[in-house]
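There are 2 protein chains.
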Amino acid sequence: MKVAVDGMGGDNSPRIVVEGSIQALKEFEDLQIIITGKQEEINKELSKYEYDKSKIIVVDATEVIDTNEHPVMAIRRKKDSSLVKALNLVKNNEADAIISAGSTGAFMAGSLFIVGRINGIDRPALAPIMPGKNGKFMVVDCGANVDCKPNNLVQFAHMGKIYFENVLGINNPSIGLVNIGEEEEKGNELTKATYKLLKNESINFIGNIEPRDVPLGNTDIVVCDGFVGNTILKMYEGVSSSIFDVLKSEIMSSTRTKIGGLLLKPVFKRFKTKFDYKEYGGAAFIGVKGICIKAHGSSDGKAFKNAIKQAIIFYDNKIIEKISDEIESLQ
Amino acid sequence: MKVAVDGMGGDNSPRIVVEGSIQALKEFEDLQIIITGKQEEINKELSKYEYDKSKIIVVDATEVIDTNEHPVMAIRRKKDSSLVKALNLVKNNEADAIISAGSTGAFMAGSLFIVGRINGIDRPALAPIMPGKNGKFMVVDCGANVDCKPNNLVQFAHMGKIYFENVLGINNPSIGLVNIGEEEEKGNELTKATYKLLKNESINFIGNIEPRDVPLGNTDIVVCDGFVGNTILKMYEGVSSSIFDVLKSEIMSSTRTKIGGLLLKPVFKRFKTKFDYKEYGGAAFIGVKGICIKAHGSSDGKAFKNAIKQAIIFYDNKIIEKISDEIESLQ
Numbered sequence: 169m170k171v172a173v174d175g176m177g178g179d180n181s182p183r184i185v186v187e188g189s190i191q192a193l194k195e196f197e198d199l200q201i202i203i204t205g206k207q208e209e210i211n212k213e214l215s216k217y218e219y220d221k222s223k224i225i226v227v228d229a230t231e232v233i234d235t236n237e238h239p240v241m242a243i244r245r246k247k248d249s250s251l252v253k254a255l256n257l258v259k260n261n262e263a264d265a266i267i268s269a270g271s272t273g274a275f276m277a278g279s280l281f282i283v284g285r286i287n288g289i290d291r292p293a294l295a296p297i298m299p300g301k302n303g304k305f306m307v308v309d310c311g312a313n314v315d316c317k318p319n320n321l322v323q324f325a326h327m328g329k330i331y332f333e334n335v336l337g338i339n340n341p342s343i344g345l346v347n348i349g350e351e352e353e354k355g356n357e358l359t360k361a362t363y364k365l366l367k368n369e370s371i372n373f374i375g376n377i378e379p380r381d382v383p384l385g386n387t388d389i390v391v392c393d394g395f396v397g398n399t400i401l402k403m404y405e406g407v408s409s410s411i412f413d414v415l416k417s418e419i420m421s422s423t424r425t426k427i428g429g430l431l432l433k434p435v436f437k438r439f440k441t442k443f444d445y446k447e448y449g450g451a452a453f454i455g456v457k458g459i460c461i462k463a464h465g466s467s468d469g470k471a472f473k474n475a476i477k478q479a480i481i482f483y484d485n486k487i488i489e490k491i492s493d494e495i496e497s498l499q
Numbered sequence: 169m170k171v172a173v174d175g176m177g178g179d180n181s182p183r184i185v186v187e188g189s190i191q192a193l194k195e196f197e198d199l200q201i202i203i204t205g206k207q208e209e210i211n212k213e214l215s216k217y218e219y220d221k222s223k224i225i226v227v228d229a230t231e232v233i234d235t236n237e238h239p240v241m242a243i244r245r246k247k248d249s250s251l252v253k254a255l256n257l258v259k260n261n262e263a264d265a266i267i268s269a270g271s272t273g274a275f276m277a278g279s280l281f282i283v284g285r286i287n288g289i290d291r292p293a294l295a296p297i298m299p300g301k302n303g304k305f306m307v308v309d310c311g312a313n314v315d316c317k318p319n320n321l322v323q324f325a326h327m328g329k330i331y332f333e334n335v336l337g338i339n340n341p342s343i344g345l346v347n348i349g350e351e352e353e354k355g356n357e358l359t360k361a362t363y364k365l366l367k368n369e370s371i372n373f374i375g376n377i378e379p380r381d382v383p384l385g386n387t388d389i390v391v392c393d394g395f396v397g398n399t400i401l402k403m404y405e406g407v408s409s410s411i412f413d414v415l416k417s418e419i420m421s422s423t424r425t426k427i428g429g430l431l432l433k434p435v436f437k438r439f440k441t442k443f444d445y446k447e448y449g450g451a452a453f454i455g456v457k458g459i460c461i462k463a464h465g466s467s468d469g470k471a472f473k474n475a476i477k478q479a480i481i482f483y484d485n486k487i488i489e490k491i492s493d494e495i496e497s498l499q
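Top line first, the protein sequences correspond to chains A and B.
All residue numbers for the first sequence refer to this note's numbering, where the first residue is 169 and numbers rise by one.
All residue numbers for the second sequence refer to this note's numbering, where the first residue is 169 and numbers rise by one.
The set of hints was computed from the structure by calculation and includes no laboratory data.
C-beta atoms are modelled at their ideal positions from N, C-alpha and C, and glycine is treated no differently.
There may be inaccurate statements among the hints.
FRET-style restraints, in silico, Cβ to Cβ [said to hold, decoys possible]:
hint : chain 1 : residue 1 : chain 2 : residue 2 : range
1    : A       : Tyr217    : B       : Asn386    : 34 to 44 Å
2    : A       : Asn372    : B       : Glu447    : 40 to 50 Å
3    : A       : Met241    : B       : Asp315    : 29 to 39 Å
4    : A       : Asn260    : B       : Ile374    : 37 to 47 Å
5    : A       : Val240    : B       : Asn287    : 43 to 53 Å
6    : B       : Asp228    : A       : Lys416    : 47 to 57 Å
7    : A       : Gly465    : B       : Pro434    : 49 to 59 Å
8    : A       : Arg438    : B       : Ile338    : 51 to 61 Å
9    : B       : Tyr219    : A       : Gly465    : 31 to 41 Å
10   : A       : Ser497    : B       : Ile374    : 44 to 54 Å
11   : B       : Thr423    : A       : Gly284    : 53 to 63 Å
Produce the entire structure from the sequences given, and follow the hints as far as they go.
Shown next as structure tokens:
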């Protein structure tokens, strides 16, 4: 399998991209990696490692797309960017997947315009896996589609199901509709109409799920429009980091509490492992005709390696073909 | 001032309602309280306290509205419920305010239909004050209006401003629009159109605020539709309680960590105080022609007393008149 990686995306590129790629090569046989980006910088990073030179190709790209740029404009104008070049490799079948830790907006816009949608899918969706109290869960959509129609959410549910079954090996995953009340008649126009559709689909639809219960992780897949999904994702980050910031500064406030903090080190460490997004790789952009994985902007080498791993599982399980078949069978 | 309290609303009524009312009577002079609900039960609770009998009146109501009932139906059918009776006291100017810890939906529906909107306000909004890392903040709307138009959000901003200035004494509070990106052009149709309106209003509009930054509490008032606001509120609760549940069970997992937990007791206690919603009373339902305060369903006596205090500040500062004047000046 050939994987294209955007060498310049993310907070610490190309360093962590190269680090993650090298780790992936060691872990997975039959893997070839094409790194796009500033050749000189990438080669400098590569020179730090011992590896089979035939397994990494560097494709020069002089431009870099910044996270602050207008996604669509950036994709259109920066033809020689590391991201656009990597996407074109997928489009032209020179690579089987792309991974980028760069601008989420540009990544989604590029995947959509360059790689293209699967026939029958109206709106591809960004679908990260998140750690919950009792297990992991997936949020579809997390920001690709801020204004949705009920049928979009139905497609999100089906795509999420195929992804969950094949990548995570969980059969017939439970699917909930994010809503501000449990009863069918609760919610806004979108959720009320979506509920009526979802309950007639051949999926394990468990009804509405309130945002309060999302972090429990009892429901495998939660479906919502991208505005709400992004709100969930960012509130999750924001509340956790606020809590830990306050706890940290409180712990440092006296000797007694400092000692308490030391004793609780293993607790905080286990906590961190349990809620470590890095274990889950990146967020799949599902519904496009290629394997497009968005790694977290602040990924380290391990997180980036896991995003590559995710692409390999995606590829081995022929998820795109399966989504395509499922959507066809619905029509 | 006369305050009507719904004696049967909330998880522990009428016990905590009576407890909070008695506390309020001790703290505030010139206060009279009318408790609606099952006379016998309420009198039994009252008999536990020593208080000036002339200051509490019990108005019998035989019905109770449950949190699972359809809000509008319940309000229409249960004319003899503690909630409807308390709302009618406000409508008929027999009370200056109402506080209820019961069904949020029924409370909002009842406030809207029985008490009525302020002239010029299209949509009253539920506006709780929440504890943030660096200070408190208000979310308008938190669930009253799940489908909004841009102009509704503009009114939320103005109402929030008046509330914040008068109840919390913070002049010219900062106002942010909840959005999934910082730039003006980000977001869905609603937020893009709302941004254009808000930037031309005579308020301290600081632009978009991402959900990740909401829990910091750096922005005094965050404005959004009720679906998003409710998602924020419930994610806040859900993420915090998930984190503390996991921490708690991890702390109990070994002797070392149990000792650490003991040493950190003051930390967790200060944390709890800092993030204690009970300090902030209830959520005001702003935009109706009466003072309508929704106390948390799981309020204790202190929280209920603080909700009464909030109604007193609301009354003393003539907030309804001020909202009315502000809305008139905008037209």
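message: If I claimed the Cβ atoms of methionine 241 of chain A and aspartate 315 of chain B lie 29 to 39 Å apart, would that claim hold in this structure?
response: holds (31 Å)
- prompt: That 34 to 44 Å hint for tyrosine 217 of chain A and asparagine 386 of chain B (C-beta), does it hold up?
  reply: holds (43 Å)
message: A range of 47 to 57 Å was offered for this pair. Does it hold for the Cβ distance of aspartate 228 of chain B and lysine 416 of chain A?
response: Cβ of aspartate 228 of chain B to Cβ of lysine 416 of chain A: about 53 Å, so the range 47 to 57 Å holds.
message: Verify the CB-CB distance for serine 497 of chain A and isoleucine 374 of chain B against the hinted window 44 to 54 Å.
response: holds (49 Å)
- prompt: Given a hinted range of 49 to 59 Å, is it respected by the beta-carbon distance of glycine 465 of chain A and proline 434 of chain B?
  reply: Because 37 Å falls outside the window, the suggested range is violated.
- prompt: Falls inside 37 to 47 Å, the C-beta gap from asparagine 260 of chain A to isoleucine 374 of chain B?
  reply: holds (45 Å)
query: For the pair arginine 438 of chain A and isoleucine 338 of chain B, does the Cβ-Cβ distance stay inside 51 to 61 Å?
result: violated (41 Å)
message: For the hint 53 to 63 Å, verify it against the beta carbon of threonine 423 of chain B and that of glycine 284 of chain A.
response: holds (59 Å)
- request: Determine whether the Cβ-Cβ distance between tyrosine 219 of chain B and glycine 465 of chain A falls within the hinted range of 31 to 41 Å.
  value: The hinted range 31 to 41 Å is violated for tyrosine 219 of chain B and glycine 465 of chain A, with Cβ atoms some 59 Å apart.
task: Given the range 43 to 53 Å, decide if the beta-carbon distance of valine 240 of chain A to asparagine 287 of chain B lies inside it.
output: holds (44 Å)
- prompt: Taking the CB of asparagine 372 of chain A and the CB of glutamate 447 of chain B, does the distance hold inside 40 to 50 Å?
  reply: holds (42 Å)
Violated hints for the displayed structure, listed by number in ascending order: 7, 8 and 9.
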